[in-house]
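Novice: Okay, here's what each chain looks like letter by letter:
2 protein chains.
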Amino acid sequence: MHETSDIPGFAYADGGVVAPLGFLASGVSAGLKPDGRRDLALVAAETSVPAAAVFTTNKVVAAPVLISRRHISAGRARAVVINAGNANACTGPQGEADAIAMADAVAAGLGCNPHEVVVSSTGVIGVPMPVGKIVSAMPEAVAALDRRGGDAAAAAIMTTDTVAKQTAVTLEAGGRRVSVGGMAKGSGMIAPNMATMLAVLTTDAPLTSEACDVALRSAVDVTFNRITVDSDTSTNDMCLLLASGAVGGEPISPSDPAFADVAAAVLTVARELARMVVRDGEGATKLIAVTVIGAASDVDADVAAFAIANSPLVKTAIFGGDANWGRVAAAAGRSGCALDPASLDIRFAGIEVCTGGIAVAFDEDAAAEALAQPDIDVEVDLHLGSGTATVWTCDLTYEYVRINGEYRS
Amino acid sequence: MHETSDIPGFAYADGGVVAPLGFLASGVSAGLKPDGRRDLALVAAETSVPAAAVFTTNKVVAAPVLISRRHISAGRARAVVINAGNANACTGPQGEADAIAMADAVAAGLGCNPHEVVVSSTGVIGVPMPVGKIVSAMPEAVAALDRRGGDAAAAAIMTTDTVAKQTAVTLEAGGRRVSVGGMAKGSGMIAPNMATMLAVLTTDAPLTSEACDVALRSAVDVTFNRITVDSDTSTNDMCLLLASGAVGGEPISPSDPAFADVAAAVLTVARELARMVVRDGEGATKLIAVTVIGAASDVDADVAAFAIANSPLVKTAIFGGDANWGRVAAAAGRSGCALDPASLDIRFAGIEVCTGGIAVAFDEDAAAEALAQPDIDVEVDLHLGSGTATVWTCDLTYEYVRINGEYRS
Numbered sequence: 001m002h003e004t005s006d007i008p009g010f011a012y013a014d015g016g017v018v019a020p021l022g023f024l025a026s027g028v029s030a031g032l033k034p035d036g037r038r039d040l041a042l043v044a045a046e047t048s049v050p051a052a053a054v055f056t057t058n059k060v061v062a063a064p065v066l067i068s069r070r071h072i073s074a075g076r077a078r079a080v081v082i083n084a085g086n087a088n089a090c091t092g093p094q095g096e097a098d099a100i101a102m103a104d105a106v107a108a109g110l111g112c113n114p115h116e117v118v119v120s121s122t123g124v125i126g127v128p129m130p131v132g133k134i135v136s137a138m139p140e141a142v143a144a145l146d147r148r149g150g151d152a153a154a155a156a157i158m159t160t161d162t163v164a165k166q167t168a169v170t171l172e173a174g175g176r177r178v179s180v181g182g183m184a185k186g187s188g189m190i191a192p193n194m195a196t197m198l199a200v201l202t203t204d205a206p207l208t209s210e211a212c213d214v215a216l217r218s219a220v221d222v223t224f225n226r227i228t229v230d231s232d233t234s235t236n237d238m239c240l241l242l243a244s245g246a247v248g249g250e251p252i253s254p255s256d257p258a259f260a261d262v263a264a265a266v267l268t269v270a271r272e273l274a275r276m277v278v279r280d281g282e283g284a285t286k287l288i289a290v291t292v293i294g295a296a297s298d299v300d301a302d303v304a305a306f307a308i309a310n311s312p313l314v315k316t317a318i319f320g321g322d323a324n325w326g327r328v329a330a331a332a333g334r335s336g337c338a339l340d341p342a343s344l345d346i347r348f349a350g351i352e353v354c355t356g357g358i359a360v361a362f363d364e365d366a367a368a369e370a371l372a373q374p375d376i377d378v379e380v381d382l383h384l385g386s387g388t389a390t391v392w393t394c395d396l397t398y399e400y401v402r403i404n405g406e407y408r409s
Numbered sequence: 001m002h003e004t005s006d007i008p009g010f011a012y013a014d015g016g017v018v019a020p021l022g023f024l025a026s027g028v029s030a031g032l033k034p035d036g037r038r039d040l041a042l043v044a045a046e047t048s049v050p051a052a053a054v055f056t057t058n059k060v061v062a063a064p065v066l067i068s069r070r071h072i073s074a075g076r077a078r079a080v081v082i083n084a085g086n087a088n089a090c091t092g093p094q095g096e097a098d099a100i101a102m103a104d105a106v107a108a109g110l111g112c113n114p115h116e117v118v119v120s121s122t123g124v125i126g127v128p129m130p131v132g133k134i135v136s137a138m139p140e141a142v143a144a145l146d147r148r149g150g151d152a153a154a155a156a157i158m159t160t161d162t163v164a165k166q167t168a169v170t171l172e173a174g175g176r177r178v179s180v181g182g183m184a185k186g187s188g189m190i191a192p193n194m195a196t197m198l199a200v201l202t203t204d205a206p207l208t209s210e211a212c213d214v215a216l217r218s219a220v221d222v223t224f225n226r227i228t229v230d231s232d233t234s235t236n237d238m239c240l241l242l243a244s245g246a247v248g249g250e251p252i253s254p255s256d257p258a259f260a261d262v263a264a265a266v267l268t269v270a271r272e273l274a275r276m277v278v279r280d281g282e283g284a285t286k287l288i289a290v291t292v293i294g295a296a297s298d299v300d301a302d303v304a305a306f307a308i309a310n311s312p313l314v315k316t317a318i319f320g321g322d323a324n325w326g327r328v329a330a331a332a333g334r335s336g337c338a339l340d341p342a343s344l345d346i347r348f349a350g351i352e353v354c355t356g357g358i359a360v361a362f363d364e365d366a367a368a369e370a371l372a373q374p375d376i377d378v379e380v381d382l383h384l385g386s387g388t389a390t391v392w393t394c395d396l397t398y399e400y401v402r403i404n405g406e407y408r409s
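These protein sequences, in sequence, are chains A and B.
Mapping the first sequence onto our numbering, position 27 (from 1) lands on 27, and the numbers just tick up by one.
Mapping the second sequence onto our numbering, position 4 (from 1) lands on 4, and the numbers just tick up by one.
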């Protein structure tokens, strides 16, 4: 496990995506959310900068994902524009034209090439984009770009999120004080695969495009790709890293001695944001960390951890404060991972409940108290090898059903 | 799709597992359910008869599954005993001894070999079996065996089920009037794989052991293995078929001309019971049939249909009466099946909502009315090949969360 204490001069910082030098952000209302809340976010560098992105692996991809994949292909970007309230997915050629129109509007405001603009959308699927509203609001979004615009941008990308999600860190890397910041949205349809719903990470370290790509992919693999709210992967997932290089100095490539520390900071920001997404999972009252050790392989550990983390029975038991660990055993058993039922140990909220596949008597009062905490650890030891994995999830509650039974209407 | 109209002399009948000649059943209270309801079921033939069973593929298997696999291995059985209220899972060697004690008690009452008794348990996992209560109640269960005991047996195997589940059919096969009956339990932890939670099927047709096995497996493959309530597969799943041969005549092997009709009747009973299980899924208000056609293969259709049927977002949308078909597209897209987003058609509750991957305008009032029905069809055409699959599921409701947040306590 990567520890922040290993990062030279590590400290948390305020500001989210604009904590690093060389970035401006804004969040305005284009009128897509019915109540007039901010729904259009813009994050821009002062010029085209090295960048990398990962996108959803869903085969049904939203129009902005198609456009952004093309725009980021050269490893550089000037800005990212994100609207909430409409996903621009299952919208066909018109959807692609609308995503291009968003990039064009940003380019006109910033005076850059439209190919330097990454476009992202989040909201309901299969409804035509009210792109006119977005294009009309773009001059205001450009005019509002500010060194202190992180809060507004983070608020503008929220859909069913109940809190804005942003964080930033600073560190010493290659003799310079650099920052890494980020914001994310995501609350439901969260089982990212190569990216979360939407996240924008920024740094003022002079990473090369390749360094952006390596740092982003390795961070996403163990953070955004290890969370699940409801096992559903979105059509719009994207995670973007922009490197302004505003602190100056020689470009940092993956082989540079300073790279590892910056990459560790990127991972820290990604992990914090990923955990925020799960903690704010639709209807969630608890953050659950499922850790599987002793698996025959890391892949096996991953399969078992995701089966447990996605089990509605495990998630409702934890919502109900019930140490019903038999559901953990059943989920691991059906996951497809190699497993010997006679050598299965389970710890539930820190309490040994199953050893060698057999129930261990435990103090129900102590269990109830442990399960009342906001953070619950579920730990499984398969005693077969050295494979490990941790997946973060949340409980399944009445509120999840309410939110998703009423979302579109 | 198999049609009951193709079965000679087909008719539904009363009686469940005792509709076929040659079977007796009972259901009594052994005191495992806290409120004194029936919790011990017994179904017995007059002698050892051809039989077959399929069991859970969960690697964490309950003790009675281990014992019953052994007892059924010769292709014959005299009786099946089932208790509700305790799953006898994760109970180690003591659990196996307890399952054997249940078989011994039945054998003592019936005057047969313990190896002729199939044992099954359902209820909470990881709690030691109160086997003394079951053994003490066995003489009463044996004494209560009756030609009209189907209702009592079907009631005794219920856990979170809200209705007892049984059905029976009669048909002409090989010049004889034969019957096939069955009962099932299951409401949560339902994503059977090779069997449902618990089902007992009976017939008075003189099927051989091999014919039992072939008829049972082919029926289970397209019925109990095509339902899901919550994507969780139990540690105790079992489906058993007993053939008394009480109508007389030559044994029916799989190559016998009469076999296909009896097998079709077995499939009908299995399908009816499977649909009853889903309709009574924990907290369910709707039965949802997800059909995928035009897939590159049947396996691909199956993968896509299960992804849609297990999607909490699809299930909550249908609970909320919301034609939010974008969630169907997203689930199909992430399922891993081959899919071209530009040739994806979706019908939701009989309404064309997506053609060629693009939203189709539809009448929201008509959709709301269609979604208010208790049976909802979700149909996806991938236009890639001839692969098809249908999976049955239910909606995800507040009541599911209540039941499973409070189940064990």
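Just so you know, these hints were derived from the structure itself, not from any lab.
Only a predicted model underlies this, so the values are computations on that prediction, with no experimental measurement involved.
Don't take each hint at face value.
What follows is a set of in silico ranges between Cβ atoms, one per label pair, in the way DEER data are often shown [stated by the list, open to error]: (1) B:G336 to A:R70: 35 to 45 Å; (2) B:G356 to A:A143: 18 to 28 Å; (3) B:A361 to A:V163: 27 to 37 Å; (4) A:T57 to B:G356: 17 to 27 Å; (5) A:R147 to B:A372: 31 to 41 Å; (6) A:V124 to B:T162: 26 to 36 Å.
Some chain A residues flagged as far from chain B (calculated, every beta-carbon gap over 10 Å) [said to hold, decoys possible]: (7) A11; (8) G31; (9) T47; (10) K59; (11) R76; (12) G111; (13) L145; (14) N310; (15) W325; (16) D381; (17) T397.
Every residue gets a Cβ at the ideal spot worked out from N, C-alpha and C, and that includes glycine.
Novice: Look at each hint and say if it fits the structure.
Specialist: Quick rundown of the hints versus the structure:
1. B:G336 to A:R70: 35 to 45 Å: violated, 25 Å
2. B:G356 to A:A143: 18 to 28 Å: Once the Cβ atoms are compared, 40 Å apart, the range 18 to 28 Å for A:A143 and B:G356 is violated.
3. B:A361 to A:V163: 27 to 37 Å: holds, 36 Å
4. A:T57 to B:G356: 17 to 27 Å: This hint holds: roughly 22 Å between Cβ atoms.
5. A:R147 to B:A372: 31 to 41 Å: violated, 53 Å
6. A:V124 to B:T162: 26 to 36 Å: Holds, since A:V124 and B:T162 (Cβ atoms, about 34 Å apart) stay within the stated range.
7. A11: About 38 Å separates A:A11 from the closest Cβ of chain B, which puts it past 10 Å; holds.
8. G31: holds, 21 Å
9. T47: At about 35 Å from chain B, A:T47 clears the 10 Å cut-off, so the statement holds.
10. K59: At about 4 Å from chain B, A:K59 fails to clear the 10 Å cut-off, so the statement is violated.
11. R76: holds, 28 Å
12. G111: Fine: 34 Å to the nearest Cβ keeps A:G111 off the interface.
13. L145: holds, 32 Å
14. N310: Non-interface label fails for A:N310: nearest chain B Cβ at 7 Å, not farther than 10 Å.
15. W325: Answer for A:W325: violated, closest chain B Cβ roughly 6 Å.
16. D381: holds, 14 Å
17. T397: violated, 6 Å
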